[in-house]
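**Student:** So the chains spell out like this:
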Amino acid sequence: MTNESSLSRRHLLKWTGAGATIAVAGAFLPNFGISAALGAELGEGDIGVLNYAYALEQLEAAFYTQVLETPFTSMQVNDERILRQIRDHEIAHRDFLKGALGRNAIPALEVDFSAVDFSSRASVLGTADVFENLGVAAYNGAGQLISNADYLVAAGSIVSIEARHAAAIADLLKPFSAEAVGRGNVDSKGLDKALLPSKVLKAAAPFIVTPVTAATLP
Amino acid sequence: MTNENSILSAIEPELADTIVQGRRDVFAKYAKAAGIMTSAPLVLALASNQAFGQSLPKVIEDTLNFALTLEYLEAAFYDMGNKSGVVPSQYRSVFRTIGAHENAHVKLLKSVLGSAAVAAPGVDFTAGGKFADVWENFDTFLTLSQTFEDLGVAAYKGQAGNLIGSAEVLTVALQIHSVEARHASEVRRIGLKFGWDGAFDKPLSKSAVLAAATPFLA
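If you read the protein sequences in the order shown, they are chains A and B. With the first letter of the first sequence counted as 1, position 19 gets the number 40 in my numbering; the numbers rise by one all the way through. With the first letter of the second sequence counted as 1, position 100 gets the number 107 in my numbering; the numbers rise by one all the way through.
There may be inaccurate statements among the hints.
As the list claims (entries may be wrong) - The following residues of chain B were derived to be distant from chain A, with all beta-carbon distances above 12 Å:
id : residue
1  : ARG99
2  : ASP146
3  : ALA225
To be verified - Output of the computed footprint for chain A on chain B, the stretches with three or more beta carbons under 8 Å from beta carbons of chain A:
id : region
4  : 180 to 194
5  : 197 to 210
Stated by the list, open to error - Below are the SDA-like pairs computed for lysine to any residue, each with C-alpha atoms no more than 25 Å apart in a straight line:
id : chain 1 : residue 1 : chain 2 : residue 2
6  : A       : LYS119    : A       : LYS195
7  : A       : LYS214    : B       : PHE201
8  : A       : LYS223    : A       : GLY60
9  : A       : LYS210    : B       : ALA123
10 : B       : LYS200    : A       : GLN106
11 : B       : LYS200    : A       : ARG142
12 : B       : LYS200    : A       : ASP150
13 : A       : LYS195    : B       : GLY198
Since the hints were made in silico from the structure, they are not lab data. Here a beta-carbon is modelled for each residue, glycine too, at the ideal position from N, C-alpha and C.
Required output: the full structure, derived from the provided sequences and hints.
**Tutor:** Structure follows, in structure tokens:
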């Protein structure tokens with residue numbers, strides 16, 4: 022797991038290539054991210070969805086970066102190695118989306134984690150649990166809003182990693198439990214949650230200082 | 008865990024083709040058709056649990072039957088495994104929950120497909136004797152479990168493009184996809200691994216998935 026395969030790199034390069042196409046197309050679209058001081062309007066269509074994902078990945082990346090910078094009391098080796106990998110993934114997701122969006126990317130968001138007690142394992146893992154499950158539900162709900170198949174596969178390649186994270190966090194909270202394979206999030210039909218952007222942004226709002234608006238997303 | 012590499016190595020070489028060519032072929036072939044489809048029958052089918060299978064567009068029907076075949080395989084695997092006694096007591100909650108999810112997926116997909124649903128395939132989890140101790144040796148069981156879960160994640164991801172334009176079906180597929188990813192993560196964890204392999208999960212084409220699954224179909 023330490024070595025990223027050449028295949029993954031090729032995969033990424035391909036997506037980055039697709040991202041360059043958006044950037045070019047974006048030259049003909051309004052630059053939604055320009056008014057940083059006023060907040061971030063995600064934009065419409067696939068760009069709006071990618072910016073939405075980019076906002077969530079910024080939040081997650083910032084959270085885990087803080088977690089590793091100020092480790093909670095008596096962080097075990099196993100906690101650390103898992104949290105470190107998750108942090109690296111969220112940074113990779115954030116940077117990938119930023120690159121794909123190019124000039125259409127919203128600005129860096131200012132975050133607020135004052136509700137989190139970073140010295141407490143329960144607070145940190147509890148927050149991680151919320152973020153990962155919110156991420157899964159967000160991508161699941163946003164898939165139907167994507168019209169470009171390449172972006173859909175890219176989003177799919179991120180959401181299953183978020184779901185893998187959710188399981189790992191649940192396992193840290195309660196090892197080898199039904200929760201670690203989804204109890205609490207998966208319904209009686211065996212389905213995970215799917216939430217529309219309006220609901221997800223509302224849930225994430227307490228952690229984001231920069232006003233994020235999604236005028237054209239449901 | 009020595010068997011794992013032999014299974015995965017059978018899959019890996021096809022990944023490059025899958026990513027580069029599979030997406031192109033599959034999407035080029037189906038995206039146009041899928042884009043003009045109405046998903047009204049599915050809305051009704053999902054809402055009322057009635058069978059509207061005959062009115063499903065062919066590409067959707069084929070995709071869901073492919074998913075159903077994998078779910079049959081998984082459900083049978085956990086039904087047999089959970090009864091066999093191969094699962095140590097501390098992991099029973101995990102594997103019972105996974106088994107319940109796979110059976111729920113079978114039920115849901117069958118209800119959507121109605122009379123168009125394929126029948127459950129015959130199975131041989133020893134793969135002709137290659138994994139003869141699957142019901143006695145937990146390492147073997149775990150290896151196959153991880154293979155099926157990772158395969159399921161990659162398979163749903165690889166088919167997502169077929170469902171563009173049919174919002175409800177796509178969303179349900181994504182809601183199953185992330186559950187499979189939760190399973191995969193925890194099964195890997197039980198095998199003392201990280202729950203993932205890199206920051207981005209890879210899709211697999213239908214043919215690559217079938218090639219990997221075929222040894223277990225009787």
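**Student:** Is B:LYS200 within 25 Å of A:GLN106, Cα to Cα?
**Tutor:** holds, 12 Å
**Student:** Measure nothing beyond the straight line between the CA atoms of A:LYS210 and B:ALA123; if it is 25 Å or shorter, mark the hint as holding.
**Tutor:** Holds. A:LYS210 to B:ALA123 sits at ~20 Å (cutoff 25 Å).
**Student:** Just to be careful, I want the Cα atoms of B:LYS200 and A:ARG142 compared with a cutoff of 25 Å; is the pair within it?
**Tutor:** holds, 22 Å
**Student:** Grab the minimum beta-carbon distance between B:ARG99 and chain A and tell me whether it stays above 12 Å.
**Tutor:** Non-interface label on B:ARG99 violated, nearest chain A Cβ at 9 Å vs cutoff 12 Å.
**Student:** How does the region 180 to 194 of chain B fare against chain A when you require at least three residues with a CB closer than 8 Å, holds or violated?
**Tutor:** Satisfied; 13 residues make the cut.
**Student:** Given the hint that A:LYS195 pairs with B:GLY198, does the C-alpha gap stay at or below 25 Å?
**Tutor:** holds, 17 Å
**Student:** Classify the label on B:ASP146 as holds or violated, using whether its beta-carbon is more than 12 Å from each beta-carbon of chain A.
**Tutor:** holds, 16 Å
**Student:** Between B:LYS200 and A:ASP150, does the CA-CA distance stay at or below 25 Å?
**Tutor:** Within the cut-off at roughly 20 Å; holds.
**Student:** Given the hinted pair A:LYS223 and A:GLY60, is their Cα-Cα distance within 25 Å?
**Tutor:** Measuring from Cα to Cα gives roughly 15 Å; hence the hint holds.
**Student:** Within the region 197 to 210 of chain B, is the number of residues with a Cβ closer than 8 Å to a Cβ of chain A three or more?
**Tutor:** Satisfied; 12 residues make the cut.
**Student:** Holds or violated: A:LYS214 with B:PHE201, Cα cutoff 25 Å?
**Tutor:** holds, 24 Å
**Student:** Between the alpha carbons of A:LYS119 and A:LYS195, is the straight-line distance 25 Å or under?
**Tutor:** violated, 34 Å
When the structure is compared with the earlier hints, violations turn up for hints 1, 6 and for no others.
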